[in-house]
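Trainee: Sequence:
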Amino acid sequence: MSHLLQSTFIPTTPTTLRRRSVFPTTHLRKTHVVESKIREIFMPALSSTMTEGKIISWMKTEGDKLAKGESVVVVESDKADMDVESFYDGYLASIIVPEGSSAPVGSPIALLAESEDEISLAKSKTPTSTSTSSPAATASVTEEVSTVAAAVAVPVTATSSSDAAPVKMASSIHPASEGGKRVVASPYAKKLAKELGLDLRGVVGSGPNGRIVAKDVEAAAGSAPIGVAAAAKPSGGAPAAPAVEVGTTVPFTTMQSAVSRNMVESLAVPTFRVGYTITTNALDALYKKVKSKGVTMTALLAKATALALVQHPVVNSSCRDGKSFTYNSSINIAVAVAIDGGLITPVLQDADKVDLYSLSRKWKELVDKARAKQLQPHEYTTGTFTLSNLGMFGVDRFDAILPPGTGAIMAVGASQPTLVGTKDGRIGMKNQMQVNVTADHRVIYGADLAAFLQTLAQIIEDPKDLTL
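For the sequence shown, the working numbering assigns the number 17 to the initial residue and increments by one for each residue that follows.
Note that these hints are calculated values from the structure, not bench results. Ideal placement from N, C-alpha and C gives every residue a C-beta, glycine not left out. The reader is advised that the hints may include incorrect statements.
[Unchecked claim] Within a straight-line C-alpha distance of at most 27 Å, the following computed BS3-like cross-link-like pairs (lysine-lysine) qualify:
no., residue 1, residue 2
1, Lys70, Lys139
2, Lys76, Lys206
3, Lys307, Lys480
4, Lys139, Lys81
5, Lys206, Lys378
6, Lys369, Lys309
7, Lys305, Lys369
8, Lys369, Lys304
9, Lys84, Lys70
10, Lys210, Lys70
11, Lys369, Lys480
12, Lys439, Lys369
13, Lys309, Lys206
14, Lys480, Lys305
15, Lys210, Lys76
[To be verified] Simulated restraints on C-beta separations:
no., residue 1, residue 2, range
16, Gly79, Phe288, 34 to 42 Å
17, Gly410, Tyr461, 28 to 36 Å
18, Ala237, Thr342, 40 to 48 Å
19, Lys305, Val121, 44 to 52 Å
20, Gly410, Gly338, 36 to 44 Å
21, Thr483, Val280, 40 to 48 Å
22, Gly410, Glu281, 25 to 33 Å
Let's have the full structure, built from the sequences with the hints guiding it.
Mentor: Now the structure itself:
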């Protein structure tokens with residue numbers, strides 16, 4: 017990032033207008049050339065996979081004064097909405113990319129002037145077209161403004177639910193709301209408010225700089241926390257299907273575009289699949305005991321999977337260059353969660369080392385942040401093994417697509433009562449679930465997956481180690 021901070025400035029005084037002395041050169045006084053400091057604000061890269069971003073809202077308007085470290089704009093990356101802050105003091109002179117428009121990473125989205133006097137100069141440098149989607153528009157800005165530094169690039173850490181809960185904002189008006197005319201809220205909060213018939217103008221936001229998030233809507237509506245209720249489901253659940261207009265063509269959202277790229281990339285990996293049937297009576301009994309303590313089924317499955325991976329590190333490995341593979345030092349379980357407009361995989365870090373109760377609390381926090389689109393990059397890009405669960409929908413079996421950069425993903429079906437034959441020749445009833453693992457065959461072989469699934473079945477069928 018250091019190269020982004022280098023800058024040169026545009027001289028505001030033409031050389032032909034500089035005052036010249038009529039005295040001999042031996043008596044010349046030094047003249048000082050005043051240079052303006054007009055900087056381009058670039059579209060920041062908020063994740064390693066982000067290629068373009070969408071402007072959700074400008075938290076400042078043209079002419080507003082900015083302080084270093086102050087939030088300026090809310091950008092939708094491929095996985096989350098994030099507030100980004102200014103590197104410099106100055107004035108927001110001109111907005112190039114308006115709200116609702118997208119721009120490639122590294123392209124200019126606004127101009128920043130050092131003083132009020134330079135705002136008009138910066139405006140004169142603004143391209144007539146407000147779209148940076150075309151290369152011509154981007155080139156126009158780059159040519160008209162000298163080599164400059166990125167003024168926006170650092171994401172502001174989202175406030176966690178535990179920190180924000182007891183704190184009430186002094187005002188429900190977000191800095192970008194223009195005196196209350198426009199409500200600034202996360203996309204999921206807006207969707208939730210619409211479903212509940214709630215007017216967001218009266219809701220106090222607890223997100224960054226007073227931004228309204230899902231839990232604020234839930235609190236205002238007096239409903240049970242939807243994010244937490246969904247977290248209790250194995251995969252976080254799925255939002256209600258929105259009404260669609262049949263026959264319309266809808267462009268991909270930023271997140272859907274990222275998912276599309278990842279899925280196409282996955283086709284280049286030679287994968288294979290292995291299925292296994294696991295009896296869940298003992299796991300179901302344990303879940304009934306610990307559910308009242310806040311333990312989720314997702315945490316139980318993630319913990320069991322992590323303990324099995326400890327014994328089979330090759331299943332937790334990854335191959336990125338096609339020439340070598342890495343035995344990952346951490347076991348980070350990513351769990352697929354359906355959210356409004358896409359899919360994301362929050363990551364439970366070091367799931368083998370964290371106790372079950374802490375793992376459940378962390379999972380609830382991650383799901384809440386995912387639905388509010390406030391996950392930080394390290395919270396969804398560091399998975400080494402992925403779980404995808406459709407059991408809550410009654411799906412008994414399915415195959416999952418391998419995420420790029422990982423070695424395996426496990427699809428978990430519903431646990432259902434099943435008639436089975438016992439060793440003594442009798443017929444009994446047991447709860448069983450089907451799991452199918454998709455793996456990278458360049459690194460992981462059939463015998464590796466078979467051994468891993470045997471270990472996983474042993475842990476789930478005798479889950480006493482899960483609560484240690």
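Trainee: Now tell me, hint by hint, if it's right for this structure.
Mentor: Okay, the hints, checked on the actual structure:
no., hint, verdict
1, Lys70 x Lys139, "22 Å, holds"
2, Lys76 x Lys206, "21 Å, holds"
3, Lys307 x Lys480, "15 Å, holds"
4, Lys139 x Lys81, "15 Å, holds"
5, Lys206 x Lys378, "25 Å, holds"
6, Lys369 x Lys309, "19 Å, holds"
7, Lys305 x Lys369, "22 Å, holds"
8, Lys369 x Lys304, "23 Å, holds"
9, Lys84 x Lys70, "23 Å, holds"
10, Lys210 x Lys70, "22 Å, holds"
11, Lys369 x Lys480, "16 Å, holds"
12, Lys439 x Lys369, "36 Å, violated"
13, Lys309 x Lys206, "31 Å, violated"
14, Lys480 x Lys305, "12 Å, holds"
15, Lys210 x Lys76, "26 Å, holds"
16, Gly79 x Phe288: 34 to 42 Å, "60 Å, violated"
17, Gly410 x Tyr461: 28 to 36 Å, "33 Å, holds"
18, Ala237 x Thr342: 40 to 48 Å, "46 Å, holds"
19, Lys305 x Val121: 44 to 52 Å, "49 Å, holds"
20, Gly410 x Gly338: 36 to 44 Å, "39 Å, holds"
21, Thr483 x Val280: 40 to 48 Å, "42 Å, holds"
22, Gly410 x Glu281: 25 to 33 Å, "31 Å, holds"
Checked against the numbered hints above, the structure violates hints 12, 13, 16; every other hint is satisfied.
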